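Trainee: Let the sequences and hints guide you as you build the complete structure.
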Amino acid sequence: MSAPSRSFSVLPGFRLTLGYTLAYLSLIVLVPLAAVFLKTFTLTFDQFWAVVTAPRVVASYKLSFGMSLLAAAINAVFGLMLAWALVRYSFPGKKLIDALVDLPFALPTAVAGIALTALYAKNGWIGQFLEPLGIQVAFKPLGVLVALVFIGLPFVVRTVQPILEDLDTELEEAAASLGAYRWQIFRYVILPILLPALLTGFALAFARAVGEYGSVIFIAGNIPMVSEITPLMIITKLEQYDYAGATAIAVVMLLLSFVLLLVINGLQAWTAKRTGRSR
Amino acid sequence: MPHANRVSRLLRGLLAASLLSLGAGASAAEISILNVSYDVSRELYKEINPVFAAQWKAKTGDTVTVNQSHGGSSKQALSVAAGLEADVVTMNQSPDIDILVERGNLVAADWRKRFPHDATPYTTTSVFLVRKGNPKGIKDWSDLTRAGLQVIVPNPKTSGNGRYTYLAAWGYALDKTGSEAGARDFVAKLFANVPVLDGGGRGATTTFTQRDVGDVLVTFENEAILIAQELGGDKFDVIYPSLSIDASAPVAVVQKVADKRGTAKVAEGYLNFLFSPEGQEVIAKQNFRPRDPAVLKKHAKQFPPIRTFSVDEKLGGWSAVQKTHFADGGIFDQIVVNR
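First to last, the protein sequences are chains A and B.
No gaps in the numbering here: position 256 of the first sequence is 256 in full-length UniProt numbering, and each next residue is one more.
No gaps in the numbering here: position 302 of the second sequence is 302 in full-length UniProt numbering, and each next residue is one more.
I should point out that these hints are in silico values taken from the structure, not numbers from a laboratory.
All of these numbers come straight from a predicted model, not from anything done at the bench.
Just so it is clear, CB atoms sit at the ideal spot from N, CA and C, and this is done for glycine as well.
Hints may contain errors.
As the list claims (entries may be wrong) - So, partial list: chain A residues that the calculated Cβ filter (under 8 Å) puts toward chain B:
(1) Ala-138
(2) Phe-139
(3) Gly-221
(4) Ile-223
(5) Leu-238
(6) Glu-239
Stated by the list, open to error - PhoX-like mimics (lysine-lysine), calculated; alpha carbons at most 25 Å apart, straight line:
(7) A:Lys-140 to B:Lys-189
(8) A:Lys-122 to B:Lys-235
(9) B:Lys-132 to A:Lys-122
(10) B:Lys-75 to A:Lys-39
(11) B:Lys-59 to B:Lys-265
(12) B:Lys-136 to A:Lys-122
Mentor: Right, dumping it as structure tokens:
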């Protein structure tokens, strides 16, 4: 790769935008994150290890990361279906539904949490029907999943939608004229093209879910070893004025999330290359 | 140019007028102070502030506006330690003020001695709220450990209210069994009956009253009375256990901030007002137990006598309690991890 600053781009502003990008990213992202790491250095390694491997904390990783992955997977499937319906078909109220998809972005998460809890508690609109079936949602790990699915939904829909819109129906028609079944067309023509975007949406929904606090805290029940999310462990440390302990857990969360996102991004790049599309 | 002249004369007049009004302001100042407090004291201080402002104006001629900031007690203390410019802090447990002595020397080390009753203008205690008619027959702490009973308590790790509940149960069991091991066993049994740990007192209230979860809610007396009043006495009963904890709410002037902002006198006057008969009257109306015996007597119907113990006299003070019970790996953690 030749240095891009040397090549003569027709567009102006390379130095300005790069300088701005670096300064802005440092100020908003890198410096605060560095501060998180620095704060943990006030602990010895043994102390750090004791904090981040405490049984309660480990149980919270399992819940937070497990439920976040599951919620992102659910969103990938149903977000794709939603985007599909919105792009491919026209029906009354389509514009309205399209706007509704973004609601989880705009709503304060605490409001979402309280509303979901009210719905799924045993005397709630939905909960009263689930409870007799032996399905408890509110105040159980399942409640965490519901909240995380709610907040992650727009990510998948909004990343897949534009790709679907750009998709030429001619490709599908060609496949059909060659005798492919509908399912085959979806599986071999459409899905490979959508996959990179779908993975991006999955990654975004996952990342959002891991850090989510506001909505989950109301519906989780917060029982140690069962339904405590990792962000709650951080909050309880802060309540005890234990900055270093709180940042230690934050560091673990950051690293785990970073590795997972890296894997997902790698997967996405790989599928993009394989299907011959660089998004 | 006569026109321009007229304009400049007008401007000069305006300037003079505004200078005059500034001068007038100097003799009767407008002061604002910030009271950083915990969650459920919001209604209390909303009532206190106008009464205090009126009294202060009559006394000094100054107009005082008291701004309020509410949130979880410890979180509020952290904000003040991190630079939120509070003139006074009014918390629900003394560690939240001690931290301001430790961090940045914001509060004078002898803050407990600066006001009467160890700087606690009122107190409350942990009581039980049960569903109307008390279907499970809950009378005392020992009932809360019965198998199959659901107890709603806020999280002791994130809520002062929850911490008091835990300690009240501990103190009761200590009396009953006479040993630390017995107390530990008792509290472990109680917390095994807790299906939901809300972040704060209000969350627990919602879970119990709105979501219909649990047989009994353990919370502060003022919150229990408020629920019984607000949500209808036909739905809930307040039960007083045989022994509970003395939860006194401590207050302090954030000296460093008040000195810098020149509000030390008002801040002190504000906190002193809490101990005055007028202040105590508002406190009683908001369901907190007033310190003034005369005011307490007047509201005796609202506050049935209850035997209480304090953290200092029975449990060796807050810093010891914090270390043995609520620190990471402390007794509370051991209990809930192995339940």
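Trainee: For each hint, tell me whether it holds in the structure or not.
Mentor: Evaluation of the provided hints:
1. Ala-138: With a closest approach of 7 Å, the Ala-138 (chain A) hint holds.
2. Phe-139: Holds, about 5 Å.
3. Gly-221: 5 Å, holds
4. Ile-223: Because about 6 Å separates Ile-223 (chain A) from the closest Cβ in chain B, which is inside the 8 Å limit, the hint holds.
5. Leu-238: 7 Å, holds
6. Glu-239: Holds. Min distance 4 Å.
7. A:Lys-140 to B:Lys-189: 20 Å, holds
8. A:Lys-122 to B:Lys-235: 18 Å, holds
9. B:Lys-132 to A:Lys-122: The hint holds at about 19 Å.
10. B:Lys-75 to A:Lys-39: Holds, at roughly 19 Å.
11. B:Lys-59 to B:Lys-265: 13 Å, holds
12. B:Lys-136 to A:Lys-122: Between Lys-136 (chain B) and Lys-122 (chain A) the Cα gap is close to 19 Å, so the pair holds against 25 Å.
Violated hints: none; the structure is consistent with every hint.
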